[in-house]
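Undergrad: Each chain is listed here by its residues.
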Amino acid sequence: MKRLLKTLAFTLVLMNFSLPGLAQHKQNNHPHEIHEHEDGHDGHHDTHDEQKTSTFSSDIAKKIGIKTAITGEQTIHKNILTYGNLTSGPEQLSHIRARYPGLIQAVFVSIGDQVEAGTKLAEIESNESLSTYKITSPIKGIVVQRHANTGEVTQEQVLFSVANFDTLWAELRIYSEQRDFVRTGQKVHFHINDQNIQGYISHVIPTLDQPYELARIEISNSDLGLSPGLLIEGNIAIADIHTKVAVEKQAIQTLNGEPGIFIKEGDSYHFSPVNIGESDHDYVEVIAGVESGVEYVTRNSYLIKADIEKSEAEHSH
Amino acid sequence: MIYSILRLAIERRILVLTLVFVITGFGLWNYKNLPIDAVPDITNVQVQINTESPGYSPLEVEQRITYSVETSLAGLPNLAYTRSLSRYGLSQVTAVFDEGTDIYFARNLIDERLASIKSSLPAGIEPEMGPISTGLGEIFMYTVQAIPNARKSDGTMYTETDLREIQDWIIKPQLSLVNGVIEVNSIGGFEKQYHVLPDPKKLLYYQVGIDELIQAVKNNNNNRGAGYIEENGQQLLVRSPGQIASMEDIAGVVVTKHENVPIKISDLAEISVGKELRTGAATRDGKETVLGTAMMLIGENSRTVARDVAAKLEEIQSTLPEGVIAEAVYDRTTLVEKAIATVARNLLEGAMLVIAVLFFLLGNFRAALITAAVIPLSMLMTISGMVHAGISANLMSLGALDFGLIVDGAVIIVENAVRRLSQEQQLKPSIPLKERLEIVFSATREVIKPSLFGIAIITIVYIPVFSLTGVEGKMFHPMAATVVMALLSAMVLSLTVVPAAVAVFLKGPIKESENAIIVKSKAFYKPLLAKAIKFKHIVFASTTGLITISLWLCSTLGSEFVPQLNEGDIALHAMRIPGTGLEQSIAMQEALESTIMAFPEVDKVFARIGTAEVATDPMPPNVADNFVILKPRNDWPDRSKTKAELIEEIERALEEIPGNNYEFTQPIQMRFNELISGVRSDLGIKVFGDDLDQLLKSANEILVAVNSVEGAADARVEQVTGLPTLSIEPKRTTLGRYGLNVIDLQNWVAAALGGEPAGTLYEGDRRFEIIVRFPEALRHDIDHLNFLPVPLPDGDYIPLGELATVKMVSTPAQISRENGKRRVVVTANVRGRDLGSFVHDVKEAINTQVNIPAGYWLDYGGTFKQLESASARLMILVPITLAAILFILVLAFSSIKDAAIIFSGVPLALTGGVLLLFLRDMPLSISAGVGFIALSGVAVLNGLVMVSFIRDLWQQTGDLYNSIIEGALVRLRPVLMTALVASLGFVPMALNTGTGAEVQRPLATVVIGGIISSTVLTLLVLPALYYWAHRKTSMHT
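Just so you know, the sequences run in chain order A and B.
The letter at position 198 of the first sequence is residue 198 when you use the working numbering, and the numbering goes up by one with no holes.
The letter at position 611 of the second sequence is residue 611 when you use the working numbering, and the numbering goes up by one with no holes.
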């Protein structure tokens, strides 16, 4: 009995030895492995996170294409994009009828003929008086329609339409959201049929039954050859704002929901939240947050944001 | 029974020997079918179901697609679990099946289910199953590039779109036909598309909607067959062609008429070859490229397939346009060949050493040859076994083979036979045949039992290895299986072929020279043994001391779970912040890759960014998988630099580049990680529920709770938010006022900004999509988006800003689900305390501090679960195994005492293993554990032979002391021999530094160290122990 007990105790000791041999290394392994891995990053982004700063040499900055600029005065050209139609003004299209019905004796112009104000268009023999009278063009322009031939009887119809497209009107629709910004006298850029055209808003008129107003811009069409009805896109310069401090638009990045820029100090780039105001395609006004004359990152500012926030970047499968 | 087999083998010796030829033939034939790979495949049985859903955001993908697919899978037989991922434009559901499920069966079931849900998915969305491949599948990668200044036939430079076209329509179709290739996946470049880019002003002017434009293209792009007509006996096919064949054809499509003038597409839009909205890109050496990946069918031989693909690519190269080069950048053959070369060299050198030792110590060439013959024979038998068990030859499965161990049994038998025969010969110079056979029989019989028992014991000790599950199981089962097969083969051989061969070939004068070394060692050993028995208490004390020291050493050793095979190449994830665009990622790759290329050790760098055509690895565009292919070591400026050092240097250089996070790994390892997925930290707390915000809130509360527990490290919440989204939210009232439905606006936005497919343009076999969308300039100008005119039903228009609010919001970047429910994971590691109590504390902290709302629940997972179950299993299995060994020993000796004495060899043997690990500064690993297992077997075998001999002598003479001295002296040679062969057989493995050696090195180190200590201690401590244990008993015979 005693011997048996002894033997049993002996085997137990052996088991105890064999067990940890197998199980122990399992216990330690993982923390160890991950520990090593994490440490590499920890030290790195701790400093970033707290101070929102990223540091790298100028060589690297050059390699990854970081560009900087100095904050300073800038004029911000604010503009809005609107759509509308080209129309001719009411004074530029004349529909000419016969004053007294009668027989058309002679027609002097045809479609396409250039006419001056007072140019004789046709001669008509009045049905009542049988005397012949002439019809003249009330405006200078081009004959665009002719419904009159010698020997025909005039009814109430339009005999000639004379149009003058030397000046056209761009009518841009101004919807409620843009209404507050649009004033007469503002400059408008058009890009029509590959031509850059400029004009100024002459007046802003309400429409009768539509939810927008029309900004009308006179466009000199003498050498452009545009025709009314065309759908056009107009860029209205609503304001030129002179700002004390402005930064390039591409410099603005959002960190933790705050917009800001990266200020360069030596080899370190520091995030500075800014209060932004007006902006245009290229520049943003800075109301508060940064002074004038500070060097800040313009191109590839995203890389610095990425570097600061990179602790979040993980590979999840 | 054993004896009758033995007798039969000796009597029918010629017949038995012809068996050798059968074994050889069978083995060689099987060898041709043996799959050869570098590493064992550790992928689980899984099917990926990818659903491409262009334009869908993560939330919609989850709601419309993932949910449907996932629910359809519920209840499949053998389904272990499902997990899913919903990203922009992609839903991936992974169904993991129980181990051993037939993949084709599983795919069939899934196919059936998918067919039934087709109607519930949005139109045009089709789920597809991923390629039938595994983690070892990505065997071959190549890039398609144009040499600088190469020009197309029309004189322009090759663009990425052109290269992708060459990849998609020339290279891929041919490579897909190579045997064993299941998929050729393309990433990089742009799929060629024909773009119709309407000017919104012109559309409005002519009062044409985008949908009309799309419809016009669709309606004017078809060939129709109209049957046939017979005329004068001949049959005429009738056909009306109308397919669009070129850009000019697209331009000529009439959309509408304006005052009787037909308005063609060319009046409304520009037509160009455009770029798809791609989800992935590829770079090489800092420049964009097109990358093709050939994936291997499950169960194929990677070496053969990769070789065939390489040959085919070479062939294709000659058919490519001038100046375009398809170049292999990753070829698995290289790795497999290196790994196999390592194994082969280890085995060959081991075998040579074993043969040398045998020859040297036996002093008989024939006898040595007979013993050595067991090596190739058992190897061939093992190969046959592997082929039939479906085990591939790789570093792991062949890694634990030690020819020394295998020949142990044969050594003992042959040695005894030689000894007996030469003894007999000294009495009478020529022995008659019958007598010789009788001597061989009795000599074999003398030792067959211990050697059979020994082999049985070594086999049994491998049982705990079979209890490993998961990744460890997959890595080590083949290893254990191979070793067991080899041992069993050797056992069969020592029962049959070895005695037969001894009987046949050991005739004539047996020159058994007790060579000088043996004589000297005997002279040295005898007094030593006597002293050991005399001062047994000192011996015991110092032995116990040694064991204690090694136990302590054992606890100071570092540890490593599964050894990492050095694949020779480096893979690294470069991760940027979520929301980083593809083009930005490509730009960032440039700096990264040029930095890596600056290292003289680096041959090529290439990367995959985002998701490839077939989403085998769905990555967002902010993640890039970089592959760094190293030059052969001979071309390194400093050949002694280790890979770890190089990685460290690269990492240091890369840390300089801002904006990236890195994770270093290796190509195959990376693939395995991607496929196995799951939580890779110690503790993973999964929060399940419906509302993402609530999930995130609870997860963050849990994070706080976890951090409050002592020992918590690296705790974090899985990143799920942060995808910047431009949200165009319809204003319903305004829409209503203008007579529009929400969908009208959405359709317009989708077509205008995202683009809408409008049919296919066929160029021979090649087919390209025709896409209608707004010009790039308009799409990119976010500021002016508000002003874009949206057409109204009455032909009028209104700016988008009136109908919708355009704003930037942050949406979930990805939605992960598991088993059909949304989940967010909180992960943590443990430092400085044991995992079990940590998990317990965490659970308690969460229970008290965190209030989980109704409908939400937690699941605790992570490696701690595996550890728990593995420990639980081992707690049962290891004692059972030990008990089984003890039982066999007791069976052999019918004495518990003797069994226990033999058993004492185990801890004695382990001391040497631990010591050598410590001296070589190697961590404990499962590899080392397997070494310890093998070692226990050898130690027991040594002791078994020794004790059984002493016992027999004691039984014969009745004199304990002299029996011990005599027996120990007689067994000195076989013990030394088995020890030497077993340890020398592993020496090449322990010293090799080639590819894959790191897996085998710990194992070999443990065995060598252990055998040295076990031999010394068996020779001295065991006899002393035996004497001490039996000093009071008398042998009753």
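Simulated from the structure, these hints should not be mistaken for lab results.
We put the beta carbon where it would ideally sit given N, CA and C, even for glycine.
There's no promise every hint is true.
Claimed, not checked - For each label pair, taking beta carbons as the anchor points, the in silico distance ranges come out as:
1. B/Ser708 / A/Asp240: 21 to 29 Å
2. B/Val238 / A/Thr150: 33 to 41 Å
3. A/His281 / B/Gln215: 33 to 41 Å
4. A/Asn256 / B/Ile647: 29 to 37 Å
5. A/Ile111 / B/Val809: 21 to 29 Å
6. B/Val809 / A/Asp240: 51 to 59 Å
7. B/Val809 / A/His281: 54 to 62 Å
8. B/Gly252 / A/Ile111: 25 to 33 Å
9. B/Gln215 / A/Ala106: 48 to 56 Å
10. B/Ala74 / A/Asn256: 37 to 45 Å
11. A/Ala106 / B/Gly252: 43 to 51 Å
To be verified - Below, computed lysine-lysine pairings styled on DSSO-like, alpha-carbon distance capped at 30 Å:
12. A/Lys78 / A/Lys63
13. B/Lys807 / A/Lys187
14. A/Lys62 / B/Lys631
15. A/Lys63 / B/Lys202
16. B/Lys434 / B/Lys507
17. B/Lys172 / A/Lys249
18. A/Lys78 / B/Lys631
19. A/Lys187 / B/Lys631
What the hints assert, rightly or not - If we take Cβ atoms under 7 Å as the criterion, some of the chain A residues that face chain B in the derived model are:
20. Leu81
21. Tyr83
22. Asp267
Undergrad: Take the C-beta atom of B/Val809 and the C-beta atom of A/His281, compute their distance, and say whether it sits inside 54 to 62 Å.
TA: Violated, since B/Val809 and A/His281 (Cβ atoms, about 23 Å apart) do not stay within the stated range.
Undergrad: Can the hint on A/Tyr83 be confirmed by a CB-to-CB distance to chain B that is less than 7 Å?
TA: holds, 5 Å
Undergrad: Mind checking the hinted window 37 to 45 Å against the Cβ distance between B/Ala74 and A/Asn256?
TA: holds, 41 Å
Undergrad: Range hint 25 to 33 Å: satisfied by the CB atoms of B/Gly252 and A/Ile111?
TA: holds, 31 Å
Undergrad: Please check whether B/Val809 and A/Asp240 have a Cβ separation lying inside 51 to 59 Å.
TA: violated, 32 Å
Undergrad: Does the structure keep A/Lys78 and B/Lys631 at a Cα separation of 30 Å or less?
TA: Given pair A/Lys78, B/Lys631 is violated - Cα atoms ~57 Å apart, limit 30 Å.
Undergrad: Has the given pair, A/Lys62 with B/Lys631, been kept, meaning a C-alpha gap of at most 30 Å?
TA: holds, 29 Å
Undergrad: May I ask you to test the hint 29 to 37 Å on the CB atoms belonging to A/Asn256 and B/Ile647?
TA: Given a distance of about 33 Å, which is inside 29 to 37 Å, the answer is holds.
Undergrad: Is the hinted range of 21 to 29 Å satisfied by the C-beta distance from A/Ile111 to B/Val809?
TA: violated, 58 Å
Undergrad: Return holds or violated for the Cβ distance of B/Val238 and A/Thr150 against the range 33 to 41 Å.
TA: violated, 57 Å
Undergrad: Using the beta carbons of B/Gln215 and A/Ala106, state whether their distance is inside 48 to 56 Å or not.
TA: holds, 53 Å
Undergrad: Do the Cβ positions of B/Ser708 and A/Asp240 conform to the proposed distance bound of 21 to 29 Å?
TA: For A/Asp240 against B/Ser708, whose Cβ atoms are near 58 Å apart, the range 21 to 29 Å is violated.
Checked against the numbered hints above, the structure breaks hints 1, 2, 5, 6, 7, 12, 15, 17, 18, 19, 22 and satisfies the rest.
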